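> Whenever a hint applies, use it, and build me the whole structure from the sequences.
Protein chains in written order, with the working numbering: chain A, 285 to 496; chain D, 285 to 496.
Hints in this document: simulated from the structure, not taken from any laboratory. Not one of these hints is a red herring.
With a straight-line Cα cutoff of 20 Å, these simulated EDC-like cross-link-like pairs (lysine to aspartate or glutamate) come out:
{"hint": "1", "chain 1": "A", "residue 1": "K406", "chain 2": "D", "residue 2": "E312"}
{"hint": "2", "chain 1": "D", "residue 1": "K441", "chain 2": "A", "residue 2": "D467"}
{"hint": "3", "chain 1": "A", "residue 1": "K313", "chain 2": "D", "residue 2": "E342"}
{"hint": "4", "chain 1": "A", "residue 1": "K437", "chain 2": "D", "residue 2": "E468"}
{"hint": "5", "chain 1": "A", "residue 1": "K441", "chain 2": "D", "residue 2": "E468"}
{"hint": "6", "chain 1": "A", "residue 1": "K313", "chain 2": "D", "residue 2": "E312"}
{"hint": "7", "chain 1": "D", "residue 1": "K437", "chain 2": "A", "residue 2": "E468"}
Partial list, derived from the structure: chain D residues whose beta carbon lies under 10 Å from chain A:
{"hint": "8", "residue": "V395"}
{"hint": "9", "residue": "H398"}
{"hint": "10", "residue": "T402"}
{"hint": "11", "residue": "I419"}
{"hint": "12", "residue": "A446"}
{"hint": "13", "residue": "G449"}
{"hint": "14", "residue": "N452"}
{"hint": "15", "residue": "L469"}
{"hint": "16", "residue": "L476"}
{"hint": "17", "residue": "Y481"}
Predicted, not measured: the structure shown is a model, and the values here were computed from it. C-beta atoms are modelled at their ideal positions from N, C-alpha and C, and glycine is treated no differently.
2 protein chains.
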Amino acid sequence: MTDKSKEAAGGDSRRPEIFHVAARLFHEKGFAQTSMSDISAALGLTKAGLYHHILSKEQLLLAIFNYGLDLLEREVVQPVAEISDPEEKLRRLIQKHIQLILQKRFHEITVILHENRTLHGKSLDQINQRKKKYIRFLENILADIARKNPRGKIQPKLGAFALLGMINWLYQWYNPRGPVSQDELTEQFTELFLRGYGTGGAASPSSPRAAR
Amino acid sequence: MTDKSKEAAGGDSRRPEIFHVAARLFHEKGFAQTSMSDISAALGLTKAGLYHHILSKEQLLLAIFNYGLDLLEREVVQPVAEISDPEEKLRRLIQKHIQLILQKRFHEITVILHENRTLHGKSLDQINQRKKKYIRFLENILADIARKNPRGKIQPKLGAFALLGMINWLYQWYNPRGPVSQDELTEQFTELFLRGYGTGGAASPSSPRAAR
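Listed below in structure tokens is the structure:
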């Protein structure tokens, strides 16, 4: 198997480790100041060994973004898509998205995902399309809730971005070892957003705590 | 007047322009890759001319952060602090903070303010203290509202960070030339947050549209 076909098939068990380590270095030192030698050294690989797994620094960055969005797809979108009730979908999405964001290893990936200034052209378009797809997924859930519930006055699109702001901002301030547990955070954010959006906000049978 | 005393006194009318241009370059190229020559060229100054205004690149970055936080203090905190009713304070804070964030020239300052990885030691502490002061200001308003209104179940601290997430995230997606006007955005975010926090969310006499 050549490097390229291996990369395409994703059949390379070291790739997640490479992505996490490289994301941490890109985050700490900046993309331009991080060399392939820095990354291979941090992984305990020779530079040739690293090139066995990936083709270039630019391709590595794109692969990290896609890896982060793959996780979002697998750990948030897929489980939520299986639920039929829109309000329940929203509750689960908030819970799952917070869970993903607060995974320790995901921190650097979150940060660089939102600083995608180093991507250009087709790579940037591809990542932006994937981000937009997630926003539309959330927006559609909110539109379904609005149809069922005439109390709401918030436009689904603005609601979607407000919620994503609340969740994505967590990496700026939330300390998992601080006084607020992840369950408490999830319950409060769910309550705040659902009530604000006009869907009541009373706890449902599968509220975050019960769903664990 | 020496350069240092000029800097300390802030009596230098070119400083805001220097800050905005440098913030844009730091944002576009990254701090490490931006040289003092790049900044002086973008300003139409010689390098010596730039050093007449500022002492070093690190000091320039710190000065930009303090400039951004000065604007937050002057354009958000001061007008809001003069209001006595807590709910009215909150409405005005949301309006004024959104207004500041959406100022075209403020964009790059917002971005680099939230990527303050290039500050270290005392400079980083100073900026973080100023940010915390703003968060406490908002948190105190939310605690005052909670005391008046037993319907709310959201902890003031979590409410404060949720709101800052909604507002600070705007730079990631909001297009002032898009279909949602700034007034509409402000009204919807105010409604969403106030209702979610448990303060009703009905329009007040000085809602954003009326306050203009």
